[in-house]
Structure formats: C-alpha cells, structure tokens
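So the protein sequences, as listed, match chains A and B. Sequential numbering from 1 applies to the first sequence in my numbering. Sequential numbering from 1 applies to the second sequence in my numbering.
It should be emphasised that the hints constitute simulated quantities derived from the structure, not laboratory data. Just to be clear, a hint being listed does not mean it is correct.
[Said to hold, decoys possible] Simulated coverage check for chain A against chain B, where a stretch passes if three residues somewhere in it have a Cβ under 8 Å from a Cβ of chain B:
hint : stretch
1    : 3-15
2    : 19-30
3    : 39-47
Note that beta-carbon positions come from the ideal geometry of N, C-alpha and C, so glycine has one too.
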Amino acid sequence: MQWGSWAEFWAMGGYGLYVWGSFAVTLMCMAGEMASLITAERAARQREGEQA
Amino acid sequence: MKNPVTVLPSINWFKYSSPHSFYPLAGRMVPWFLAAAALFGLTGLYVAFFVAPTDFQQGESYRIIFVHVPAAWMSMFIYLVMASWAGAGLVFNTRLSGMMARALAPTGAMFTFLALWTGALWGKPTWGTWWVWDARLTSELILLFLYIGFLSLTAAIEDERRADRAGAVLALVGVVNIPIIYFSVVWWNTLHQGASVSLKSAPKMATTMLIGMLLLALAFWMYSIAAALLRVRSIIREREPRAAGED
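In isolation and in its complexed conformation, chain A is listed as follows (with noise of 0.2 Å):
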C-alpha cells in the first residue's frame, strides 16, 4: 500500500484533476451507455410480458 491517507490517495501526487479526469469521464460514458441500453431492453421485455 503506498497511501499514507485517503488526502493522498485523492491528490494522486498532484495529478488528481488529471488521473481522476480520466477515470471518471471513461466511467461515466460506459455507465451511460449501459444504462441506456438495459433501458430499452427493459422497456422491450415489459412489452414481451404484457402479450404473453
């Protein structure tokens, strides 16, 4: 473990902005991208239920 505290471990050494910018934009796209996709398949297997 090379954190001496949380402060540190969110700071990354100075290039938090930078090290948390990248992990949180790539974390977001893939999240909303997801979510929007298990939407839509949900709202299709709500309608697969309401025929059936």
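Put chain B on the given structure of chain A with help from the hints.
The following block gives chain B in isolation, referenced to the frame of chain A:
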C-alpha cells in the same frame, strides 16, 4: 467412395446468423458478459490503484495508462470486428452481419473518444500540451471520424439493407487506418511513446502494472460484447419485430 461433404455432420453454420435464433441467444449471454466485466473491472481497478507502484519517472500521472491503453486497444479492435461483420454481410448477404456492424459502431466510437480524452489528460502533465498533430494522435482522430462517418451514413439511408451495404464499404475502406495507427509510433518520429506491450519483446513495465492494464482491457472487452449484444437486440426489435417475438 462417398462424397466427403455428405459425410460431414449436418451442422447448420448459418443457424445463428438468422436474427430469429440469435435474438434469444444474445439475451441469455448479456448477463454473463456484464458479470465478467464487473469482476475484471473491480480487480483491475484494485490492482491499478493499490498494488501497482508509483512510476519513477512520471509519478502518479502514469496511472492514466490503465484506462488509456485498454480504451485505445478497444477503439481499434472494435473497428476491425465491425469491418469484418460488414465484409461478411457484403459477401454472404446475411441480415445479421450488417446489424452486428451497426451495433458495434457506437461503442467503438465511445472508446475512440475515451482514448483521445484520456490521452489529452495524460499529455498535459507529461508533454505540457493537451494535443499535438502527431501521427499517432492524428490517425486516432481520423478513426473517430470514420466511426462518426459510418454512423451518419447508415443513419441517413432509409432502406436498412442499403444502409448496411453503404456502411460496409466505408468501414472496409477505413480499415487501412488501423495499421497506420498501430505502427505510427514506429514509422514516424512522434511524441507518443512506443508500444508498452508487444509480442516480440518483454513488456516495458512492472508486472503489476501490466496485470492491472490487462485486467481492465479484459473488462472493456467483456463490456463491449455485452453492449453490442444489447444493441443488436434493439436493432432486431426495430427491424424484424417478428424475430424478436414482437408482432
């Protein structure tokens, strides 16, 4: 002597190339790929932040590599898979191929954007600039334009099968850009560093760094498959409601 072809067991190789049989199969596979993505992703992040050591040259900023390289790999790999489906669609005239190509494009475009975005955030602290017009960065930007071109072209043509064919031609022509991206750091004198991992030489990084990067690459891979399967299901519902069981 019997004709060898008739001796072969009669497997219908094209069974799952019909949207009707692929639709339920895709639906059953999605949860497994999502679970695998979550598993690889969480272990990968743990290794990336708590196991991999600080880089002696770049300090903590190097940790961007854990998303940058997997995103860049996926951006190129998805393009190749998309172009293969597109090509198969042109050759075999199977309906599912064009649908697969179009299901992959948005996810590929997203990873291309992420490779550029994380690259800019890494370039600023290490090179002192967000962007340079260097061979690697420029060819990756062209890849983003190819994805956007494919998406707009296929969206603009009303007849879906014609849209598939037009998109396929564009996708296949664009394949030439992939080796250009990959070898750009070798062919031209660029600011971008060379490949971190290659088949010919030992990786130029600590083992734990490499493991973290490979775990996240696997996670991105599983995620992309899940996303493509979900999207192809929605395309099938739209184009062939009967195959999706929606009349």
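| message | If you count the residues of the stretch 39-47 of chain A with a beta-carbon closer than 8 Å to a beta-carbon of chain B, do you get 3 or more? | response | holds (count 4)
| Annotated coverage of the stretch 19-30 of chain A by chain B, confirmed only when three residues or more have a Cβ within 8 Å | holds (count 8)
| Does the stretch 3-15 of chain A contain three or more residues whose Cβ lies closer than 8 Å to a Cβ of chain B? | holds (count 6)
Of the numbered hints given earlier, the model fails none.
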